[in-house]
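So the protein sequences, as listed, match chains A and B.
The opening position of the first sequence corresponds to residue 24 in the numbering used here, with each subsequent residue numbered one higher.
The opening position of the second sequence corresponds to residue -1 in the numbering used here, with each subsequent residue numbered one higher.
Just so you know, the hints here were simulated from the structure itself, not pulled from any lab data.
Remember, predicted model here, so these are calculated numbers, not experimental data.
For each residue, glycine too, the CB sits at the ideal point set by N, CA and C.
There's no promise every hint is true.
Computed cross-link-like contacts, DSBU-like style, restricted to lysine-lysine with a CA-CA straight-line distance of at most 30 Å [what the hints assert, rightly or not]:
1) A/K551 x B/K89
2) B/K89 x A/K427
3) A/K176 x B/K268
4) B/K208 x A/K418
Here are a few chain B residues that face chain A, going by a calculated C-beta distance under 10 Å [to be verified]:
5) V42
6) R187
7) L213
8) L223
Computed list of chain B residues with no C-beta within reach of chain A, every gap over 12 Å [what the hints assert, rightly or not]:
9) G188
10) S283
11) K285
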Amino acid sequence: MIRLRCFAASARQVRARCFAASARPGHFLTFVSFVSFVSFASLVSVVARAQIPSDAWPTYHGDYTGRRFSTLKQINTTNVKNLTLAWVYRLNTSRAAAIVGGEGPETPPPGGTTPSIKSTPLMLNGILYFSVPDHVYALDVRTGREVWHYAWKTRGGDHIGNRGVGILGNWLYFLTPDNYFVSLDVATGKERWHHEIANMKREYFSTNAPMVIGRQIIIGVGGDALDIPGYLESRDPESGNLVWRWNTTPRAGEANTNSWPDEDSMAHGGGMPWIPGTYDPELNLYYFGTGNPQPVLAGFSRAGDNLYTCTIVALNPNTGKMVWYYQVTPHDTHDWDAAQTPILIDGDFNGRPRKMVAQASRNGHYFLLDRATGEHLLTTKYLDSLNWTKGINAKGQPAHDPAKDASVPGTLVSPDTNGGTNWPPPSFNPETGLLYFGTRQGFSVMYLTDTDGKPQGWAAAERNVAVVGNALKAVDYKTGQVKWSRPLAMGPAGSTGGPMGLLSTSGGLLFGNDGANNFVAYDASSGKPLWHAGLGATTSNGPQTFTVDGRQFIVVGAGDTLYAFALQP
Amino acid sequence: MKQDRNRRARRDRRAIIFSACFAICAVFFLSGVTDAQQQALTPVTDQAAVDRGKALLVEQCGFCHGANARGGSGGPDLTRSVVVQEDEGGKQLGAFLRVGRPDRGMPKFDLPDAQMSDLAAFLHSAIYLNANRRLYKILDIVVGDPKAGQAYFSGAGRCSGCHSPTGDLKGVGAKYEPTVLQGRLLVPRGRPGGSGPPAGPLYMEKTAIKVTVTLPSGESATGGLVRLTDFDVILYDTAAGRVRSFLRNGDVPKVVVTDPLQAHVDHLTKWTDTEMHNMTAYLASLK
């Protein structure tokens, strides 16, 4: 059995956050006060928990471990067949009744599409807080009723998605596609301030969910159309001012500059920290994965390993200083960022207990590291079709095969640029010892289009030719071997679905999708589907769970709609 | 992140192609393009200004910064320059050029506003084209050896078992542009990209994946697969001439999937890129 560690600091922060939020009533004074009273009464149990609280979801992953595992078991393998809809909330993007902020024009830029919910809502004191690009919502968790809606007037930028919000005390934090760091009053949705953190004219856009660690609000930038540098920042929770910045590629005079040919390629080398990371309070280390190097599909102007792109990084959240790193794809040339969740696992490895971090990475491999030191423990291949490496090197890294780089007449590569998996949050269940993630097995031809000695941007085109054998997989964390694999749905041209947000529980369940609009409860041990609901779209965020008034809820987003499920009372 | 984009691109295409029927049918093979993206930058529409700006750049800046502005003998890449990228219509660029950076060997250039604007138009156009991968042009991909391709066709590739250069592949080199030809060589599913709107849903195509559903009563239905999940199967029943759906409960009803392109799918893990290039050259020669 795997040893569970008590995240004492995490629990303290949860309590402080919840208490502060509940102490400040807003527009819905009576309503909020009521839920605050009820929730505060149960906060004692939050503090005692070693992981995701039973009656709250205070961070992007629910806790700091990234496991997305809940000890709740009111809903379990026996009764999940009776799970039923509690409420539905469809996105309201109208500014008519919203609190409006932002620097953009009154009329939104043309070309906007209906946003998809990719954020995992935070749930505190009976209120769900979540975001899509340019919008933040507070919903009553019992009814799905909108409590407040904040709408941002955008100047533009890529509106591809938003991972969510962070909350510290009375204040909520989020990022916008046009790169503003915004703080709102949790109780009312009223804006406190906003700061520009990057220039969208350089094709920066921001999608990350702010990560709250103590007094640090950790955020990152995104962007991959131009050869721009990536960085992670900590901002002051009161002023929003910069506390520290960590560049994802070294600067002149720093260590590991020899992994780049020159200063110019290094300073334009990408490495975006797209996704919120995980945190170990005992080691005081923040773990996150960095994005791919730039130019994306052409590596000949950036010879070398290109540190710290496609890398799992551990840094001190107080100082922003890196403690260790492990690069999962040296010299990537296929757009396979390493932004996938670095999941914290406490358990045995080779007969002795260890503190570990695991990642099912976009490049088609599973990695297990010692999270105190970064020592490599295990690498395995989880995707059958993978054809781009020369094998695994002495450090456990997939060895780059230059023959599989994009070429003018075309190079057939698998996986395609989507990778074997992608950003949607995986789940690790300490009771089964299995790491669950959705996989996609694509084949593409990659064509080098920019033959200049200094290619730029993507520098190549991709034509997808097939997607076959997509599956939901469960990997034994100790061996890296696939314990079970459940094929996903098929259409007339091949597999559908692939990477998906997942949640596992002590009820023996794994919540995910089937790649074709069904939200599914799988048996976590075998992968057998036990319950499903056909939704309006394939689920688009990480499912979550908590109890409200003693009733366990499962909440998930699918496209423009948030769904809540529970057993009939 | 790119997965998000690809999903959106597929959704957009679905809306057009399957507007009245089963949107879940995957259609990403129809065009094969997976790189749609949304950007902050907008195209420079005044091509004459771009052309004037390019001439100006070559004449005034090219020696140090290169004729394509990506850097030259000592001068940095202007398309990666923060000053240029953040410039609006030549305003900030003009202010910079009129002062220069004499301490770093960059002389001042006191050009008229109109020329500053032209120079900015060229640079912003170049940056836009770098950033927008939808606009990248695939180069000449027919570089393989057609004779080696022909040998592979009737030899190791085992293509001649199903195909003939004088039968189904007659004139195929004239019918498709090389990138489409190469894609269809690998997996010829559905209609080729860019050949106009499809005549019908993908499950009606002869290359669609097929399924046979057999009920406990012995009744069965066979046809193009619309959708198969753990909980339901939908197909176009060829004999009945209509779409039918069945709920699934474990192994009931019995479902057997066949892919008319299975040989192509199996071959995806066997191709070498050289074989693929040679076969492309051979098929391109079948005019």
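Now the hints, each set against the structure:
1. A/K551 x B/K89: This hinted pair is violated, its Cα atoms lying about 63 Å apart.
2. B/K89 x A/K427: violated, 44 Å
3. A/K176 x B/K268: violated, 51 Å
4. B/K208 x A/K418: Violated, at about 45 Å.
5. V42: violated, 13 Å
6. R187: holds, 5 Å
7. L213: With a minimum Cβ separation of about 20 Å from chain A (threshold 10 Å), the hint on B/L213 is violated.
8. L223: holds, 5 Å
9. G188: violated, 6 Å
10. S283: Non-interface label stands for B/S283: nearest chain A Cβ at 15 Å, farther than 12 Å.
11. K285: Holds, because the least Cβ-Cβ distance between B/K285 and chain A comes to about 19 Å, which exceeds 12 Å.
Of the numbered hints stated above, those contradicted by the structure are hints 1, 2, 3, 4, 5, 7 and 9, listed in ascending order.
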